[in-house]
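Colleague: Required output: the full structure, derived from the provided sequences and hints.
If you count the sequence shown from 1, position 13 lands on 13 in the numbering used here, and the numbers rise without skipping.
Heads up, a few of these hints could be off.
Stated by the list, open to error - Straight-line distance between alpha carbons at most 25 Å, and here's what the computed SDA-like set of lysine to any residue pairs gives:
1) 124 / 109
2) 124 / 38
3) 117 / 9
4) 117 / 140
To be verified - Using C-beta positions, here's what the derived DEER-type ranges look like:
5) 40 / 95: 38 to 48 Å
6) 55 / 118: 34 to 44 Å
7) 125 / 97: 10 to 20 Å
8) 77 / 11: 24 to 34 Å
9) 40 / 112: 26 to 36 Å
10) 43 / 117: 27 to 37 Å
11) 98 / 130: 46 to 56 Å
12) 47 / 81: 18 to 28 Å
13) 134 / 41: 28 to 38 Å
14) 47 / 3: 12 to 22 Å
15) 5 / 121: 21 to 31 Å
16) 116 / 140: 31 to 41 Å
17) 114 / 49: 30 to 40 Å
It should be emphasised that the hints constitute simulated quantities derived from the structure, not laboratory data.
Only a predicted model underlies this, so the values are computations on that prediction, with no experimental measurement involved.
All C-beta atoms, glycine included, are put in the ideal place defined by N, C-alpha and C.
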Amino acid sequence: GIPIEDFRVVFTGIISIYRSALRTKIHKRLFEEDLRMMDLPQWLCNLLIDKFRTHFKRLASSTRQPPLSQALPEIKGLDWRVGTVVGTDELFKANTPQALLGFRLKDGRTIRISADKERLALLKTRVAESLLQVIALEKQNALKS
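Modeller: So this is what it looks like as structure tokens:
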């Protein structure tokens with residue numbers, strides 16, 4: 001499955017998006033349809049829908065930001081370079097290009113990621129697919145009253 005840290009970031013992001021978009025006139029049925037259209041796992045949709053139903057009034061009246069511990073990290077800067085990794089396998093001793101990314105976060109932490117060409121292409125594809133889903137949801141205006 002998904003590494004727990006990645007799951008936390010995705011889950012926090014979804015909650016943050018809906019918390020900021022939430023209005024008292026939102027239709028609960030449309031909220032459920034939006035979640036299902038995001039191609040999330042069924043168990044995650046059910047969990048979010050249950051929490052939404054349970055805490056709807058409190059969430060709708062809440063105007064404060066989520067606690068810093070639950071907020072998404074803010075990127076302050078990005079460093080990158082391309083390097084090569086020499087394979088140690090006797091059958092495959094070739095230089096493999098690697099993209100080395102360093103994200104500087106606002107809280108002072110740095111996250112470093114190393115990805116080969118295939119993983120970088122997969123990341124690009126997944127980000128593009130996510131953006132297309134967001135654009136499609138925005139066109140439907142389902143979150144507007």
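Colleague: All hints are to be evaluated individually against the structure, with a verdict given for each.
Modeller: Taking the hints in turn, this is what the structure says about them:
The hinted pair formed by residue 124 and residue 109 meets the criterion: a straight-line CA distance of about 24 Å does not exceed 25 Å. Restraint check for residue 124 and residue 38: satisfied, since their Cα atoms lie roughly 18 Å apart, inside the 25 Å limit. Among the hinted pairs, residue 117 with residue 9 is consistent with the structure: their alpha-carbon atoms are about 24 Å apart, no more than 25 Å. For a cut-off of 25 Å, the pair hint linking residue 117 to residue 140 is broken: about 35 Å separates their Cα positions.
Range check, residue 40 to residue 95: about 39 Å between beta-carbon atoms, so the 38 to 48 Å window is met. Taking the beta carbon of each, residue 55 and residue 118 are about 41 Å apart, inside 34 to 44 Å as hinted. The beta-carbon spacing between residue 125 and residue 97, approximately 18 Å, falls within the hinted interval of 10 to 20 Å. The given range of 24 to 34 Å is respected by residue 77 and residue 11, whose C-beta atoms sit roughly 26 Å from each other.
At about 28 Å, the beta-carbon gap between residue 40 and residue 112 stays in the expected band of 26 to 36 Å. Distance hint for residue 43 and residue 117: a CB-CB separation of about 33 Å, consistent with the stated range 27 to 37 Å. In this structure, residue 98 and residue 130 break the distance hint of 46 to 56 Å, their C-beta atoms being roughly 24 Å apart. At roughly 40 Å, the beta-carbon separation of residue 47 and residue 81 lies outside the given 18 to 28 Å, and the hint is violated.
At roughly 18 Å, the beta carbons of residue 134 and residue 41 sit outside the given window of 28 to 38 Å. Between residue 47 and residue 3 the beta carbons are some 18 Å apart, a value that agrees with the proposed interval 12 to 22 Å. Distance hint check for residue 5 and residue 121: the Cβ-Cβ separation is about 23 Å, which falls inside the suggested range of 21 to 31 Å. In this structure the hint that residue 116 and residue 140 lie 31 to 41 Å apart at CB holds, the actual value being about 37 Å.
Look at residue 114 against residue 49: about 37 Å separates their beta carbons, and that is inside 30 to 40 Å.
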